[in-house]
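Undergrad: Protein chains in written order, with this note's numbering: chain A, 1 to 436; chain B, 1 to 445; chain C, 1 to 118.
If you are wondering where the hints come from, they were derived from the structure by calculation, not from laboratory data. All residues carry an ideal CB built from backbone N, CA and C; glycine is no exception. Please note that the accuracy of each hint is not assured.
Claimed, not checked - List time: in silico DSBU-like cross-link candidates among lysine-lysine, alpha-carbon distance up to 35 angstroms:
#1 B/K107 x C/K8
#2 B/K57 x B/K255
#3 C/K82 x C/K113
#4 B/K255 x C/K113
#5 B/K214 x B/K117
#6 B/K442 x C/K82
#7 B/K107 x A/K67
#8 B/K57 x B/K372
#9 C/K82 x C/K8
#10 B/K442 x B/K400
#11 B/K117 x B/K107
#12 B/K442 x B/K54
Stated by the list, open to error - Not close to chain B: a few residues of chain A, all C-beta gaps over 12 angstroms, as computed:
#13 T25
#14 R78
#15 R97
#16 H107
#17 Q168
#18 A170
#19 G188
#20 A220
#21 V255
#22 F257
#23 A258
#24 A262
#25 V294
#26 K343
#27 R353
#28 R354
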Amino acid sequence: MTILAAASEASSGLRILIGLALLVTLALVGSSRLLWSWRRSALGATLTTGGWIAVGIGMIVGPHALKLVDAAHVDVLRPLILFCLGWVGLMVGLQLRGDIPRLLPKHTIRGAVIDALASIAALGGAAFAVLWFVFGESSVAPCVVLAVVLGAAGVGWSAETRSLASHQPALARPAAVLRAVSGLASVGAIVAFGLMTMAIRHGDGGALALAGDALGLGLAVSVVAALVCGLLGYWLMNLAGRGHGEFLVVLLGLVAFAAGAAATMAVSALFVGMVVGIVIVNLPGQTLTRFQRVIVDAEQPIGMALMLTAGVVADPTMGWRAWVMVGALLVARLLVKTLLGPKLVTAVEPSARRTSVMVGPLRQAPLAVALATAYAIGGHEAATHPLLPGGQLVMIVIALGLVSDLTPMLSRVAQPERWHSESQQARAATAEGGEA
Amino acid sequence: MRLLICWLLLILLCFVVDLVSDRVAAQAALPYMGVAMNVGLLMLGAWLTGLLVKRIKLPKVSGYLVFGILVGPFALSLIDRDQRDELRFAGDLAVSLIALTAGGEMKWHWLKDQIGKLFTIAGVMIVIVWLVVGGAVFAGSTLIPFLAEQPTAVRAVAAVLIGVVAAANSPAIVMAVINETQADGPVARTTLAVTICKDMAMVVVFAATLTFCKAFTDEDATLSGGFLLAVAVQLVGSLAVGAVMGAAMALYVRKVGAHLVIFIIGSCMLIALVGEQAFSIAGKPIHFEPLLMGLAAGLIMENLWSEVTDPLFHEIESLSLPVFCLFFGAAGAGLELGVFGEWRVLLVLLVIVLLRTGSVWASCRIAGPMVKLDPAWRGRVWLGFIPQAGVALALVMLVKNAFDSAPWADQTAALLLGVIAINMLLGPLGFRWALAKSGEAKGEE
Amino acid sequence: MADAPEAKKLVVVIIDRAELVDELLTGFLDIGVPGATVLESRGMGSIIRQEMPMFAGLASLFPEHTGSRVILSVLPESVIEKVYGVLDELVGQYEDMQSVLCATLPVEDFHIKRKPSE
């Protein structure tokens, strides 16, 4: 019996054991220094920062391949995944300092807002149209919910610039602008997703409805809860002082509590985590610097864990309609990002025009997969289940992301002279500096 | 003042969240949905309560327990019974972490010299506590409400089981108090080592007792020679698996060395998961003991790769605090306090607690000179064997499940939980006093 | 004949907690270190990570996530042990400190060039 067959035959308990051991080990090894060298290559940077390797591993160990971990086990892992989502939200929020408008170049915030609105409108509109005409859904509410999720997943772009040759000195500023706009746009994605989760209500007979009063109450409670959590975090961090154990209690407890409270209230853990992060980062204190550092430093393993989960949850056996959805979203994304993306970036940094960095906006942000996963495991999925189950939604986002991330690779193949000439320019600039 | 405000804010926020979640109950009713929030609540709340009780000179671990009781089903009900069961993993995590820590505290050369003494003390204590408590329960069983009408066999079995559970200790509380006081000395080391040895012995003793009791009450059940083999495989297998895990952990630290906190949590969960897998030897179900696996892993790492794994143990020590807060908070929430409502059962409970305390003291008085413990401190070491927590709680659940939830078994379990509750709350006070009196407690963290 | 001047060492300290530099310099003053040069620096890890964020695209733009400090000082050999003591005390106080790197290099010659007085 081959190892693969044996693994599939193993008892349920042993399978989850092997699956978890594999997931944790890979998450940690993959984010460690061992693979840094390979990760700095264009392909390595794209695959790892996009989370695609982790997604692939998740799919391999998931219910549609080796069956080491199946969707039922995701129930058991739900608290951990919620914790990771809260952590990601916190991480995004911790970047939103009050002095951001002063620190960032002019038009950066405007660019992020425009991208967020345009993406939600375009991709959301495309998704709605497909659901209405291709899926044949006749009820507006579930279509709107899914359209908002898919639209939010289309906001922004990947902040990874290594594969775009950004290590070349001439491209440093454009790359920084790309990362800045992407970072801000992710806020829009989380806000849109969060608002959607608050607006969902189950009407009489289990029918889905979108209610303004539910949105209002959800928003008020979420914001107040997050504000209180943020303040609690601030006070508790000061109470913890210098002790590492105490620091871990506050860190782990706060993230778990905020994420869990959000889930209990059926709102987005990403949103609540983000608001908590915004509160914390704008309170004074040296102790909080340590808090921020630890949160951001754990980005890689937390991101890996989310991507692995996405891979497990994703359903590659989705039908043709779902692939039509992928196609429609791809077209919408290409249109929006090709037309708007370069304009938004060059408005901030004119030197970015006609550089390899300009293909960056075409690539999907890793946050999209996190949003889709949050939707699939967070209880909201039940709202639209018969129409588009969570596993298929995650698969749609993954497929879209993979295709969009291939774009720079195609650009390298289609226009090698652009990439080559940039390398030459960089080398020439370095040589001139040396002679001087 | 700020401490109290934070504590009140946390509780208030929980009530608000609960209120809102009731409005969206159908939408949010997915399995394990409330676990994350309860974990956060217990960690933060228990820690804050520990800081509060420290101001009135009580051990922090008592504060963790009190907070758990407060938010549990018998008080504020912020954590109900179903949610309490979902937090079972906290106990698994804590046991694995404690075992790793305990293993890491043990130097091989010290252990080699002391192993005979440790097992002698453990053995004497198990025998004396078991005989005294079990004997007294059997003698007075006709006066105990839920046993009075039972046949002699059932009364004998109940007495034996109560006696054996009474003999169990808590490495969790011992470790928590040692951590809190940063104690380092013969009392701390001996108490921890004997507690660990006792728990290792209890694996065999309890398994044998349970099997015997089941055979005694069940005509269909039979004792067989395969039992000894199964227990031996369980013990040796646990140590072997633990050693392999320790080697793997050391390899990770050496080669990767990153994200140690996440790695430790993952490793502890893995140990707990391995412990839940059931195997079959000679027709007998066995499973590997997380306590033994963690112990072996810690021992191997500390004694073979000490320099490499030093950062790992440093992080384990830091991680102990959040894990203890979670574990003892969950333990407090898990206490069945209804047993204190009936005065006759309460009386029996108090008698058992007193008998247990007396027999622990007596066994130390007997064993101490036998193994030539230093007279300067051997008179205080018994206080470290009073606390009971996770291990004893686990044994009680096994008792309950082993007899198909027969009414007398359920009530025996409830009685034992009451005994454990008292030992859990009062035990840390005595042990901390002993450490302070011996001059081993270094004070504030 | 005059005693040979005491050998001097270049002490290089790299600390990844910029907010602790003040405390460190105070410790140096306490042990009689007359002066030091503090340089802002970035670790290789943070430069490598900067271009490959998953969710923290903005963080790479903020100094507290990129800032280490390098402290250079030429000191008599006799002071070096005291410098190590200050570093040990700092690391001991902050349990979460990953590391403080410290290297000492022999200094062949050391001059402070001043404009000659009129």
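Undergrad: If a hint holds in the structure, say so; if it doesn't, say that too.
TA: Evaluation of the provided hints:
1. B/K107 x C/K8: 43 angstroms, violated
2. B/K57 x B/K255: 44 angstroms, violated
3. C/K82 x C/K113: With a Cα-Cα distance of about 27 angstroms, the restraint between C/K82 and C/K113 holds, given a limit of 35 angstroms.
4. B/K255 x C/K113: It is violated: about 49 angstroms lies between the C-alpha atoms, which goes past 35 angstroms.
5. B/K214 x B/K117: 33 angstroms, holds
6. B/K442 x C/K82: Holds: B/K442 and C/K82 sit about 27 angstroms apart, inside 35 angstroms.
7. B/K107 x A/K67: 42 angstroms, violated
8. B/K57 x B/K372: Holds, at roughly 33 angstroms.
9. C/K82 x C/K8: Answer holds: C/K82 to C/K8 is near 14 angstroms, not above 35 angstroms.
10. B/K442 x B/K400: 41 angstroms, violated
11. B/K117 x B/K107: Status holds; Cα separation ~16 angstroms.
12. B/K442 x B/K54: OK: B/K442 and B/K54 at ~15 angstroms, within 35 angstroms.
13. T25: Incorrect as stated: the minimum Cβ-Cβ distance to chain B is 8 angstroms, not above 12 angstroms.
14. R78: 5 angstroms, violated
15. R97: Given that every Cβ of chain B is farther than 12 angstroms from that of A/R97, nearest at about 24 angstroms, it holds.
16. H107: 38 angstroms, holds
17. Q168: 29 angstroms, holds
18. A170: Check passes; 33 angstroms lies beyond 12 angstroms.
19. G188: Fine: 25 angstroms to the nearest Cβ keeps A/G188 off the interface.
20. A220: 10 angstroms, violated
21. V255: The claim is violated: A/V255 sits with its nearest Cβ about 7 angstroms from chain B, within 12 angstroms.
22. F257: 3 angstroms, violated
23. A258: 7 angstroms, violated
24. A262: Non-interface label on A/A262 violated, nearest chain B Cβ at 9 angstroms vs cutoff 12 angstroms.
25. V294: 9 angstroms, violated
26. K343: 40 angstroms, holds
27. R353: 39 angstroms, holds
28. R354: 39 angstroms, holds
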